[in-house]
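Asks: Sequence:
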Amino acid sequence: MPQVDKKILEESIMNEAERQLPLPIGELYTPRTNLSDENTETRYLTVAISKNQVDLQVDALEAARLKSFAIDVKPLALARAVNRENAIICEIELDKAELAIVVDGVLKLARILHFRGHELSVSDKASYVASELTRTLAHYASRQPDGPIGPDVPLFLVGKLANDPDVKALITGEINNPLQELELELQYPADFPAQQFTACVGLALKENAKAGNNRSKTSEAFDLDIIPDRFAPGKSKKMPLLTLLGGVFLGALLTLTYQIEVDGVSRISDQNFRLINLNEQLADAEDTTAVINSLEEDVNNLAEESLDLLGEGMSFVDALDAVFGQVPYGVSLASATISGESINVVGTAQTRTSAIHYVGLIEQAGDFAAVNVTSLNTIVVKDSDPLMQFTIVVDR
10 MPQVDKKILE
20 ESIMNEAERQ
30 LPLPIGELYT
40 PRTNLSDENT
50 ETRYLTVAIS
60 KNQVDLQVDA
70 LEAARLKSFA
80 IDVKPLALAR
90 AVNRENAIIC
100 EIELDKAELA
110 IVVDGVLKLA
120 RILHFRGHEL
130 SVSDKASYVA
140 SELTRTLAHY
150 ASRQPDGPIG
160 PDVPLFLVGK
170 LANDPDVKAL
180 ITGEINNPLQ
190 ELELELQYPA
200 DFPAQQFTAC
210 VGLALKENAK
220 AGNNRSKTSE
230 AFDLDIIPDR
240 FAPGKSKKMP
250 LLTLLGGVFL
260 GALLTLTYQI
270 EVDGVSRISD
280 QNFRLINLNE
290 QLADAEDTTA
300 VINSLEEDVN
310 NLAEESLDLL
320 GEGMSFVDAL
330 DAVFGQVPYG
340 VSLASATISG
350 ESINVVGTAQ
360 TRTSAIHYVG
370 LIEQAGDFAA
380 VNVTSLNTIV
390 VKDSDPLMQF
400 TIVVDR
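Numbering (the working numbering), first residue to last: 10 to 405.
Rather than coming from a laboratory, the hints here were simulated on the basis of the structure.
This one's a predicted model, so the numbers in the text were calculated from it and none came from an experiment.
Worth double-checking, as some hints may not be accurate.
Below, simulated BS3-like cross-link-like pairs (lysine-lysine); rule was C-alpha separation at most 25 Å, straight line [unchecked claim]:
1) K105 / K169
2) K105 / K177
3) K105 / K117
4) K60 / K105
Here are the computed distance ranges between Cβ atoms for each label pair [as the list claims (entries may be wrong)]:
5) P187 / Q153: 49 to 59 Å
6) E20 / L44: 11 to 21 Å
7) F333 / T383: 13 to 23 Å
8) T181 / L44: 39 to 49 Å
Using N, Cα and C, we set each Cβ at its ideal position, and we do this for glycine too.
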């Protein structure tokens, strides 16, 4: 951006972000950092994060009385853990993959790839990731004045499938950049699966930086303050700990003495992660299980009532479970009716993004031939904020 007066700096940055981003700026948290100041221009790195996604996870952790103290997005956490000025990072999990390109200490490009369908083999997934990685590198090269990524920039494979021989062979056979083993700055036991928890290690390193512990190479561009003001300590009630690292972090909470992920990463970081009280977690888990069982019973009762109304000739229960089972926070369903091989779903969402996200979840489940949005309109309910009313047609 051109240099502007500090009085209008915030407004100028937000206007430019709104012009560049595909979603309404009011639905996003947009933390940023100053990359460099030149004679006439200043470079900023801005991260756009869905408010609904952050708020939902914070509220869920608060409801479960879980303690946490950091928020991050996975591409930044991966880049921080790899800790290279230039790197190609590919995290490949069972259900998805994430790609990140780091150039001159700045995360320049990030992508997430979902594996559609449940029948894909590991080789199928690796082939798909390899082709998309090639396409991503070509896309970056076509849009950068400095040209393509150099052939000596290392490739890092991390994630649950990173050590699979087929994965390594297919991905390294697609691109010429050298595959390099992950070398973490933190000390950890020899049998700790660091490649599986790379993003979590990146989160631990972020907390190291906050505590003033120096790191040799990691750029400040990886250490954006993701925490929204209303969750920040001192501006509201004590902030719950959070990571947007998805299944990696939550999966780690379910394994090991140091595979209970927050505990495990705290053993690695040796300095900053506080141990979670296991007895409290077990008690909270029992309470949460009771609530889940009650909700499942209500859903089963609703499915049986719907089946009685629609008749025995239609296999509506499985379809109803699939549709209702994908409902995210901020979305409410009003009705679901069946007509031949189609199901008409009517509901409301707090935002347009929430409605579209729900459609995406149904599609990703892979249980339906087609999912179409036939209407998406704003409605105003008395004494309430405007809502998005939608109609979705699902073909079985």
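Asks: Hint by hint, note whether the structure agrees.
Replies: Verification of the supplied hints:
1. Our distance criterion of 25 Å between C-alpha atoms is met by K105 and K169, whose separation comes to about 10 Å.
2. Under the criterion of a C-alpha separation no larger than 25 Å, the hint pairing K105 with K177 is consistent with the structure, at around 16 Å.
3. Taking the CA atoms of K105 and K117, the gap is near 20 Å; set against the 25 Å cutoff, the hint holds.
4. Simply put, K60 and K105 have alpha-carbon atoms about 22 Å apart, close enough for the 25 Å limit, and the pair holds.
5. Hint check: P187 to Q153, Cβ distance near 21 Å, so the stated range 49 to 59 Å is violated.
6. At about 20 Å, the beta-carbon gap between E20 and L44 stays in the expected band of 11 to 21 Å.
7. The hinted window of 13 to 23 Å between F333 and T383 holds, with their beta carbons roughly 19 Å apart.
8. For T181 paired with L44, a C-beta distance near 31 Å fails the hint of 39 to 49 Å.
The earlier numbered hints that this structure contradicts are 5 and 8.
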